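Starting from the known structure of chain A, fit chain B onto it as the hints suggest.
Number of protein chains: 2
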Amino acid sequence: MDTWLLSRMQELKDLQGLIGLATWDQEIYLPARAGPARAHQLSTLQGIHHERLVDPRLGDALEKAATEAGLTDDERAMVEVLRREREREVRVPAALVRALAEAQSQGLHAWREARQERKFARFQPALHRLLSLRREQADAYGHDGERYDALLEGYEPGMRVARLTPVLSTLREHLIPMVGTLSGTARKAPDLFDGRRYDKDAQWRFTLRLLKDIGFDLEAGRQDLSIHPFTGGTHALDVRLTTRVDETNPLSAIFSTIHEAGHGLFEQGFAPEHHRTPLAAAPSMGLHESQSRLWENLVGRSRAFWEHYFPLLRDSFPEALAGVDVEDFLAAVNAVRPSLIRTESDEVTYNLHIAVRYELELLLIRDELPLDELPAAWNARMERYLGVTPPDDTQGVLQDIHWAWGELGYFPTYSLGNLYAASLYRAAERALPGLEGQLRQGHLLPLRDWLRENIHHHGFRLPAEERVRAVTGQGLTDADFLGYLRTKYGVASCQGR
Amino acid sequence: MDTWLLSRMQELKDLQGLIGLATWDQEIYLPARAGPARAHQLSTLQGIHHERLVDPRLGDALEKAATEAGLTDDERAMVEVLRREREREVRVPAALVRALAEAQSQGLHAWREARQERKFARFQPALHRLLSLRREQADAYGHDGERYDALLEGYEPGMRVARLTPVLSTLREHLIPMVGTLSGTARKAPDLFDGRRYDKDAQWRFTLRLLKDIGFDLEAGRQDLSIHPFTGGTHALDVRLTTRVDETNPLSAIFSTIHEAGHGLFEQGFAPEHHRTPLAAAPSMGLHESQSRLWENLVGRSRAFWEHYFPLLRDSFPEALAGVDVEDFLAAVNAVRPSLIRTESDEVTYNLHIAVRYELELLLIRDELPLDELPAAWNARMERYLGVTPPDDTQGVLQDIHWAWGELGYFPTYSLGNLYAASLYRAAERALPGLEGQLRQGHLLPLRDWLRENIHHHGFRLPAEERVRAVTGQGLTDADFLGYLRTKYGVASCQGR
Numbered sequence: 001m002d003t004w005l006l007s008r009m010q011e012l013k014d015l016q017g018l019i020g021l022a023t024w025d026q027e028i029y030l031p032a033r034a035g036p037a038r039a040h041q042l043s044t045l046q047g048i049h050h051e052r053l054v055d056p057r058l059g060d061a062l063e064k065a066a067t068e069a070g071l072t073d074d075e076r077a078m079v080e081v082l083r084r085e086r087e088r089e090v091r092v093p094a095a096l097v098r099a100l101a102e103a104q105s106q107g108l109h110a111w112r113e114a115r116q117e118r119k120f121a122r123f124q125p126a127l128h129r130l131l132s133l134r135r136e137q138a139d140a141y142g143h144d145g146e147r148y149d150a151l152l153e154g155y156e157p158g159m160r161v162a163r164l165t166p167v168l169s170t171l172r173e174h175l176i177p178m179v180g181t182l183s184g185t186a187r188k189a190p191d192l193f194d195g196r197r198y199d200k201d202a203q204w205r206f207t208l209r210l211l212k213d214i215g216f217d218l219e220a221g222r223q224d225l226s227i228h229p230f231t232g233g234t235h236a237l238d239v240r241l242t243t244r245v246d247e248t249n250p251l252s253a254i255f256s257t258i259h260e261a262g263h264g265l266f267e268q269g270f271a272p273e274h275h276r277t278p279l280a281a282a283p284s285m286g287l288h289e290s291q292s293r294l295w296e297n298l299v300g301r302s303r304a305f306w307e308h309y310f311p312l313l314r315d316s317f318p319e320a321l322a323g324v325d326v327e328d329f330l331a332a333v334n335a336v337r338p339s340l341i342r343t344e345s346d347e348v349t350y351n352l353h354i355a356v357r358y359e360l361e362l363l364l365i366r367d368e369l370p371l372d373e374l375p376a377a378w379n380a381r382m383e384r385y386l387g388v389t390p391p392d393d394t395q396g397v398l399q400d401i402h403w404a405w406g407e408l409g410y411f412p413t414y415s416l417g418n419l420y421a422a423s424l425y426r427a428a429e430r431a432l433p434g435l436e437g438q439l440r441q442g443h444l445l446p447l448r449d450w451l452r453e454n455i456h457h458h459g460f461r462l463p464a465e466e467r468v469r470a471v472t473g474q475g476l477t478d479a480d481f482l483g484y485l486r487t488k489y490g491v492a493s494c495q496g497r
Numbered sequence: 001m002d003t004w005l006l007s008r009m010q011e012l013k014d015l016q017g018l019i020g021l022a023t024w025d026q027e028i029y030l031p032a033r034a035g036p037a038r039a040h041q042l043s044t045l046q047g048i049h050h051e052r053l054v055d056p057r058l059g060d061a062l063e064k065a066a067t068e069a070g071l072t073d074d075e076r077a078m079v080e081v082l083r084r085e086r087e088r089e090v091r092v093p094a095a096l097v098r099a100l101a102e103a104q105s106q107g108l109h110a111w112r113e114a115r116q117e118r119k120f121a122r123f124q125p126a127l128h129r130l131l132s133l134r135r136e137q138a139d140a141y142g143h144d145g146e147r148y149d150a151l152l153e154g155y156e157p158g159m160r161v162a163r164l165t166p167v168l169s170t171l172r173e174h175l176i177p178m179v180g181t182l183s184g185t186a187r188k189a190p191d192l193f194d195g196r197r198y199d200k201d202a203q204w205r206f207t208l209r210l211l212k213d214i215g216f217d218l219e220a221g222r223q224d225l226s227i228h229p230f231t232g233g234t235h236a237l238d239v240r241l242t243t244r245v246d247e248t249n250p251l252s253a254i255f256s257t258i259h260e261a262g263h264g265l266f267e268q269g270f271a272p273e274h275h276r277t278p279l280a281a282a283p284s285m286g287l288h289e290s291q292s293r294l295w296e297n298l299v300g301r302s303r304a305f306w307e308h309y310f311p312l313l314r315d316s317f318p319e320a321l322a323g324v325d326v327e328d329f330l331a332a333v334n335a336v337r338p339s340l341i342r343t344e345s346d347e348v349t350y351n352l353h354i355a356v357r358y359e360l361e362l363l364l365i366r367d368e369l370p371l372d373e374l375p376a377a378w379n380a381r382m383e384r385y386l387g388v389t390p391p392d393d394t395q396g397v398l399q400d401i402h403w404a405w406g407e408l409g410y411f412p413t414y415s416l417g418n419l420y421a422a423s424l425y426r427a428a429e430r431a432l433p434g435l436e437g438q439l440r441q442g443h444l445l446p447l448r449d450w451l452r453e454n455i456h457h458h459g460f461r462l463p464a465e466e467r468v469r470a471v472t473g474q475g476l477t478d479a480d481f482l483g484y485l486r487t488k489y490g491v492a493s494c495q496g497r
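Chains as they are written, first to last, in my numbering: chain A, 1 to 497; chain B, 1 to 497.
If we strip away everything but chain A, and leave its shape as in the complex, we get (with noise of 0.2 Å):
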C-alpha cells in the first residue's frame, strides 16, 4: 500500500487513541475545575481528526487503492474500512455537525434537571431537538427508507431494522413469560449484603486476581477506579479499564471487573499486524459486547467458574462471608428479579430492558409517537414486559444517558451482544471440550486463547455477524441464548421451539 495513506491511516488511529486518553483522564483523573479546559482541548483533536478524515487527498487516496491491483486482503480491508468510515462524514455538514454538538450539551444539561425535578417534560424540547437533527443526520448519511437504519450503521455496520426486528421481537416473547415463570422462584438466600462490610482492598485485589487469571495483560493495560465502569485507553497495547468498589457489596466491583475485562481482552487481542490501521478495531458494538457478555454472564455467573473462585473469595472475606456457601452465592449472583433499572438488571429479564428502548427509539426516529405520550408508552411497556410500574420518569424514561445527548440507535447493540455471546460461547464449548473443567479449576486462559483465535485477533476485518457465522456456523440467532437461559435456570420451553 501507498506509503503515504498508510502513514495517514496511522495518524487517525494515533489521534483515536489520544482522543482515548484525554476521555479515560477526563473520567477519572482531570480536576474539578478543569472541564471546560477539557472540553476544548477534545473539540480541537476532534476537529482536527475530523479535518485529516474529510481531507481530499485522503479521499483520493482510497479511491486509487481501492481498484490498486496487488494490495494484500489485509489492506484491502484497511482501504474499505476507512473509505466507509470517511463517506459518513464527508457527508454530514459542518452546520449539522456544529448543531448536533451545541443540541447535546443542552440534551445533557436538560436531562440532568429533568431528572432532579424527576419530570420528562422537563427534558422534552431538548429531545425534540434532538430527535430532528438525528433524522437530518440520518437522512445526510443516506438510507432506503429507513432513517433508524443510518444511524445503527454507526454502531453495528451491516445491520438493518428489517433483520433486528423480527429477532427481538421473538427473543421478547420468548422472554415474558419465562420471566414470569423464574421471578419469585429463586431460591431464598441468605441477604448477602445486610449491613455487611467488604474490605475494599481486599475488593481490589481480588478484581486484581481475576484479571490476571482471565489473561488481561496489566503491562499492555491498566485498571483504576470510576464512578461508571468503563473501558478505554490509547492502543492495543494500553487498555484502560475502570471498576467500582462498593463496600458493603463486592458482587458490583467482580462483575464490572469481568465484564470490561471481557471488552479490554478484545482490544488488547488485535493482531499486532493491524495496530495503528483501521483494522485495530472491534466491527461492531454488538460484537464489542459479546465479550463483555460472555465473560460476565456465561462464564462469570457460571456454577464451575464459582466452584473454583468462591472459597478464594471466602479468603477474602472471612467475615463477611462467614456460614455462606457456593450455593447461597450462585443463587444471589443468579436471581431474576423484575426491576425497574437496565443496569441493575439480570441477565434473563435485561433484554426486555432494551426491547422497550430499541421499541421507543424506532417510534422516535419515524416520527410516530408524540413525545409527549412516550413516559406514558415507556411506562406501558415495563408494565406490558416485565410487570413493573415506574413511580416516576427519573426510574423510567429518564434512567439512561444515551437519549440525553441524542445517542439513538445504540441500545439494540447490548441485545445482539448478549445473543452472539451465547452463540460463540456454545461454538467455544464444542471446539473445547475440556472448557468446563477448566473453569472449574480455574483456567480460563485457554477460552481467552480462543475467543482471541477467533473473534479478537480478526479486528475489523469481517461485519460483526460474518465474523459471528464464519465462527459458529450461523449468524444472528436467539437460539443459542435462549437455550443457554432454559438449561441454566431449568425452564421447559414455552413455545414449543
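Hints in this document: simulated from the structure, not taken from any laboratory.
Being a predicted model, the structure only gives us computed values, none of them experimental.
Listed below are several chain B residues computed to face chain A (Cβ distance under 10 Å; list not exhaustive):
| # | residue |
| --- | --- |
| 1 | K13 |
| 2 | D14 |
| 3 | L15 |
| 4 | H40 |
| 5 | S43 |
| 6 | T44 |
| 7 | I48 |
| 8 | E219 |
| 9 | R222 |
| 10 | D238 |
Every beta carbon over 10 Å from chain A, so not counted as near; a handful from chain B, in silico:
| # | residue |
| --- | --- |
| 11 | D144 |
| 12 | P157 |
| 13 | P311 |
| 14 | E344 |
| 15 | S345 |
| 16 | T389 |
| 17 | Q399 |
| 18 | T487 |
Note that the Cβ used here is the ideal one computed from N, Cα and C, for glycine as well.
Okay, now just chain B, sitting in the frame of chain A:
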C-alpha cells in the same frame, strides 16, 4: 484581534495541553509495554503542532496583526510571542528536526548503557552527533557569532552568554570560599535517617497539607507519585505535580512537593483572560525555576516556616521524630556539604554544580573542548570548585539526563532561578512587612498572592529579566542571593562585597 488568528492560538495551546497530558501520563500511568505506541502518538501530536505553527497562513496573519492598529497591549504581546516561536520553528529544516529526534533517541539509549558500564566513552559518539546537530540548529536559528545564545534563547528568551557568564563567574568565585568555610562546621545533629521509618501515608497527607496551605488549588490540579518529581498538566486549571515518597526519609517528599508546588502556582496563576493564548506561559525557565526555588529554599528551609510546621511534622511521625527538636531538624535540612550529585546538593553548593555544566557546555558548543577530554575536564572542575572527585563517570559527567538527549543551554536556568528567587523574595519582604511573622504562623497565602500579582499573573507579557526588574527595581544580580546565604549561614563577605 482577528478571530481566525485567535482560534489558531487557542488550537495551538490546546495541542500543547494534550502533549502535556500524553507526557504526564507516560511518566506515571502508561503500561509498561505501551512505550512505542505512546512515542507514535506523541510524535503525531508534535507533528501536527509543528505543521500548524509553520503554516504560512498563520505567518501572514501574524505579520498583518503585528502592524495592525487597535490591538490591546495583551493582544500585541500574544502576537509577538507567537511570532517569535514561529520564526524559530520555521528556520529549522524538517530534515534537521528528524535527524535531531533520531539522535536524541540514540543519545538516551547510549547514555543509559554508558551509565551501566560507568564509561563515558560509550556515550561519546552519540554526544558527538548531538553536538554537531545542535550547532547546526543554532546556525539555523541564527546568532551573532555565539551559537550558545541561539540555544539559550529556547529556554531563557532574551538572555545572552555575554550577560550570563560574568554573573555566573562572579557567583562562583564567591561561593567557592563560602563552601570551604561552611562545610565541616555544620551543627552535629542526630542522623534523622538512620534506619527510622516514616509512614508513607502520613508523608502523603503531610504533602497535601502543605499544598493546601501554600494555596495550590487541588480543584485546578492534582498531585501524583512518580520516580522523578515534575510539574506538568494541560491548562492553568489542570496543573499536575508529582512527588516521591521514601519511607526512610520524608525530606524527599516534603521538598519535592514544595518545589513542584512553586512551579504549579506559576501555572495556576496565569490571568484567566490569557488562558488558551500564548501569554499563558512563563517567559523563561529561569523565572519558572525562581518560583520553585523561592518556595523550596527561601521559605521551605527557613526557621520561620519550620517553627510552624515542625510540631505538625512531629505529630505526623511521633515515633521517628521522638526526641528530635526543631534545631536538629533545621540543621538537617540546611546542612552544607560538597557532594558529587547535583540533585542531592544543598542551596550553597548547588550553583557550583551548575557552573561546571555551564562552562563545559559552552566549550562544547563552541567546539573548544575535545570530547575525549570531557570527563577529565568535569572531574578537574569538580575538584577545583567543590573539592570532590567523582570515582567514576556515572557519578560524574554521566549523572544528568540533559546532555543525553542534546539539551544544551538549559543548565544555567537553574542558577538564574536561584538568583531571581533571592531577589524576588527580598522584594516580597519589603512589600509585605509582616511576611516572616506570617510564615511563623503558617500563613503562606499572602506571599502566594503577592507572587501571583507580580509574577504569575503576567505570564509571557514581558521577558523574564524585565519582569524581575519591574518588581525588584533591578535585573539579574547575584547580590541578593549572596546576601541571603551570608545572613542565613552567618558567613562574612569573603571578597569585601
